[in-house]
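For the protein sequence lines, the chains are A and B, in the order given. Quick note on numbering: the first sequence equals residues 1 to 408 in this note's numbering. Quick note on numbering: the second sequence equals residues 409 to 777 in this note's numbering.
What the hints contain is simulated information worked out from the structure, not anything from laboratory work. Warning: the hint list may mix true and false statements.
[Stated by the list, open to error] Think about it this way: if two alpha-carbon atoms lie no more than 27 Å apart in a straight line, the pair counts; the simulated DSSO-like pairs of lysine-lysine are:
| # | chain 1 | residue 1 | chain 2 | residue 2 |
| --- | --- | --- | --- | --- |
| 1 | A | K102 | A | K6 |
| 2 | B | K438 | B | K465 |
| 3 | A | K166 | A | K45 |
| 4 | A | K13 | B | K438 |
| 5 | B | K419 | B | K465 |
| 6 | A | K13 | A | K166 |
| 7 | A | K352 | A | K102 |
| 8 | B | K576 | B | K541 |
| 9 | A | K102 | A | K13 |
| 10 | A | K68 | A | K102 |
| 11 | A | K352 | A | K337 |
| 12 | A | K126 | B | K438 |
| 13 | B | K438 | A | K6 |
| 14 | A | K13 | B | K419 |
| 15 | A | K13 | A | K68 |
| 16 | B | K419 | A | K126 |
| 17 | A | K102 | A | K166 |
| 18 | A | K6 | B | K419 |
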Amino acid sequence: MYQMLKARSEALKDEAVSFAMELVRTPSVSLNEADAAVRVERRMKNLSFDRVIHDEAGNVVGLLLGRKPGPTVLLNCHLDTVAADEAQWSEPALSGRLEDGKLHGLGASDCKGGLAAQVYAAELLKRSLLPLDGNVVVATTVAEENGRSVGVRALMETTLPELGLKPDFAILGEPTGLSLYYGHDGWVELDVIVEGANPFQVEDSARAVHGFFDERCRQKCQFERPGVAATRAPRMEDADGLRRATIPIDRWLYATESVQEVISQVRENAELVAKSVGAVAVDVSVPEDRQRLYTGRTSVVRRVANAWAIDPFDPLLERSRQTLAAAGCPARASLWKLDRLGMGTAGGVLVKEFGVPTVGFGPGEETRAHAPDEWVSVDKIAGAVYATAAVVHGLVGIPVFGWTTDEI
Amino acid sequence: MNILVLRPSWKALDYALFDAGRRRPALVGKINERDCGRHGAFAPSDAFRRVLEACRKSHAPGAPELVGIRLTFGGEEFTEPALVTNAVLERLRGLAHQAPLHLPPALALIERCRESLPEMPIILVFETAFFVKLPLRERGYGMDAGVVQELGIRRYGYHGIFHETACKLASRLVGVRGTSSCRRVLSICLEPRPEIAAVIGRRPVMVTSGATPLEGLPGQTACGELDPGIVLHLARKLGWGPEQINQCLTGESGLAGLTGHRITLDGLFHDEWGPAIELARQVMRYRMLLACGAGVAAMGWVDAIVFSGRYFDLGEVLGPWLAGRLAVNGRSEAPEIPWTSLHEPLDRLIADQVAAAFAGRAVLTAVTE
Chain A
1 MYQMLKARSE
11 ALKDEAVSFA
21 MELVRTPSVS
31 LNEADAAVRV
41 ERRMKNLSFD
51 RVIHDEAGNV
61 VGLLLGRKPG
71 PTVLLNCHLD
81 TVAADEAQWS
91 EPALSGRLED
101 GKLHGLGASD
111 CKGGLAAQVY
121 AAELLKRSLL
131 PLDGNVVVAT
141 TVAEENGRSV
151 GVRALMETTL
161 PELGLKPDFA
171 ILGEPTGLSL
181 YYGHDGWVEL
191 DVIVEGANPF
201 QVEDSARAVH
211 GFFDERCRQK
221 CQFERPGVAA
231 TRAPRMEDAD
241 GLRRATIPID
251 RWLYATESVQ
261 EVISQVRENA
271 ELVAKSVGAV
281 AVDVSVPEDR
291 QRLYTGRTSV
301 VRRVANAWAI
311 DPFDPLLERS
321 RQTLAAAGCP
331 ARASLWKLDR
341 LGMGTAGGVL
351 VKEFGVPTVG
361 FGPGEETRAH
371 APDEWVSVDK
381 IAGAVYATAA
391 VVHGLVGIPV
401 FGWTTDEI
Chain B
409 MNILVLRPSW
419 KALDYALFDA
429 GRRRPALVGK
439 INERDCGRHG
449 AFAPSDAFRR
459 VLEACRKSHA
469 PGAPELVGIR
479 LTFGGEEFTE
489 PALVTNAVLE
499 RLRGLAHQAP
509 LHLPPALALI
519 ERCRESLPEM
529 PIILVFETAF
539 FVKLPLRERG
549 YGMDAGVVQE
559 LGIRRYGYHG
569 IFHETACKLA
579 SRLVGVRGTS
589 SCRRVLSICL
599 EPRPEIAAVI
609 GRRPVMVTSG
619 ATPLEGLPGQ
629 TACGELDPGI
639 VLHLARKLGW
649 GPEQINQCLT
659 GESGLAGLTG
669 HRITLDGLFH
679 DEWGPAIELA
689 RQVMRYRMLL
699 ACGAGVAAMG
709 WVDAIVFSGR
719 YFDLGEVLGP
729 WLAGRLAVNG
739 RSEAPEIPWT
749 SLHEPLDRLI
759 ADQVAAAFAG
769 RAVLTAVTE
């Protein structure tokens, strides 16, 4: 079977790479993904998907329906990119240039190469005529980079339930260099608010709180890096006869922590420090933004990217590892490092909010995500088409056990 | 009647066009990936268009009037050739999950065939049909009856067309080499995945294959009979998943596993030399001998051995060897078992079945509808 999949994937390589190039050349900064969505929808409709849906959030979803209601595997990539700082790039960020086996351009690695690979992995399964027990959902979603996965949340809350589908597994096409990634740290932005009638006490307390957390930035917590990633100087304002200081803090989140636990911990520390200086009230909140999606729909999002990790012995990870080994592309299991704040994946929503076991498997490289002169290997896009199809078949395909490759 | 025979697989479409009254094909060929423009681009429906083109361009005296398609698997539903109708197609779709590598490309081909030649009768012949009525004691497994029933686990043979014709041929051996009847036949099909069946009259009573083609004799890449404990051991000790185990047992075992390289059954006995080859040769002959012994035991006697399949001429090597070692019916003074070979290719046998089925098409239609 893998011999056949491999051969068929070779025939699809040029199409998949050309589609990735088309997407890279199409601007799709977060909340402005309309053009890219139209291209994905058009491509899916020209391929063999059983159904293609363009939902109210602007996500584009292609379905392969199996002979049973489940299981269902979700292949997910985001349509959007971060905004490019062209001054940092040595060529136009949307060049989509193909040279020396590399596709260059904004989003090539994160994750338009992965998106093209997932779309063509589904096409590969269809063209190989391998029957499926369960369903394959290829969901290209909006507002991941800057929208805290608003698109995925809409997909899970509304679009898929309306189709009668609930994913049992998810595979993110985010950059993993064709390794299997099963989680990452997250981050949260916090506002520590110190408030009181006496402006001097408020300002002294705020400075003390800021100093306390600034010092924490230089101390490693029990995890490998500091809990507090950054603080900024207090902002002062007066309201209703009270002096108010707001101290912004960026805090890493670890998979064992919840946002609420972190808020409680920060509040406790801030209160201890602030109240030792003056009579003030302390509160901690997560700032919220109103996002307007390209479809016009709006939603309020908190500045949080959940940390997430599935069990290293989760059946999804184990089955993915096994099928990749059988397909001749063994993959190591690892975690994303995400060493810059502001990064994250939809796994935070899928695992933490919807309980869907999730892994990452994509052709891009994490180090090239959100970086100037981004590129992705063309061979890895082709490899991802084949390997993703193999994993999906292992999860929802009808097994071919015992059907020998000898001619019969 | 001109019959176009098609043998679809996931990587090629073999075809042969037979004129009425002639045993040899007027046209024979194979459409594979190379013919479809580029590596990996093979699709059964596209291949069929190329077959029709080849028929048109050929000097064959007549266009196809009847299409016969060989299917590897027909489950318990298809015990005879079947004329394609909507109902037959629906039943086949329901079986696709039992032969997931083989039936889907065949279904795609049938659908394309009906679109392109809407008036043309299409008759399906099934390799498993001959074995549907294996005795219960032979088709069953020593497992929990509930599990067996739930999963539809049972034994089949997968070279029924060769075996069926081989047994008809054996009946012609009556009177040859002292035989007085030829009802109990050991049919040895020498294909890349060889298969031995014991047949009394027209009814098989033993076959080496199993619920899938993996069981039985070692193949060119398939392991053949194996202690299920080994499978569990691979899973436990090496941490292999079902796909890895399947890949190993179906694609990297058998003669490939024994010799360390790809080798055909023909090459094993004719061309290749070396210690690993010699071991593989011994294993293959020994396994065949054991299977023949089981077949003789199942029949209680053997009147003849018939070789068939693409490597039928290995009968020249294996026939005397097996006949000499099967202590005939327990009597050393008994005459050596007569053996013969079926020389005709699979396409011809399919065409014969198709022609016979079409001749009785009134019955055929009634059965399939």
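* Asked: In ascending order, which of the hints set out earlier in this document are inconsistent with the structure?
  -> 6, 7, 10, 15 and 17
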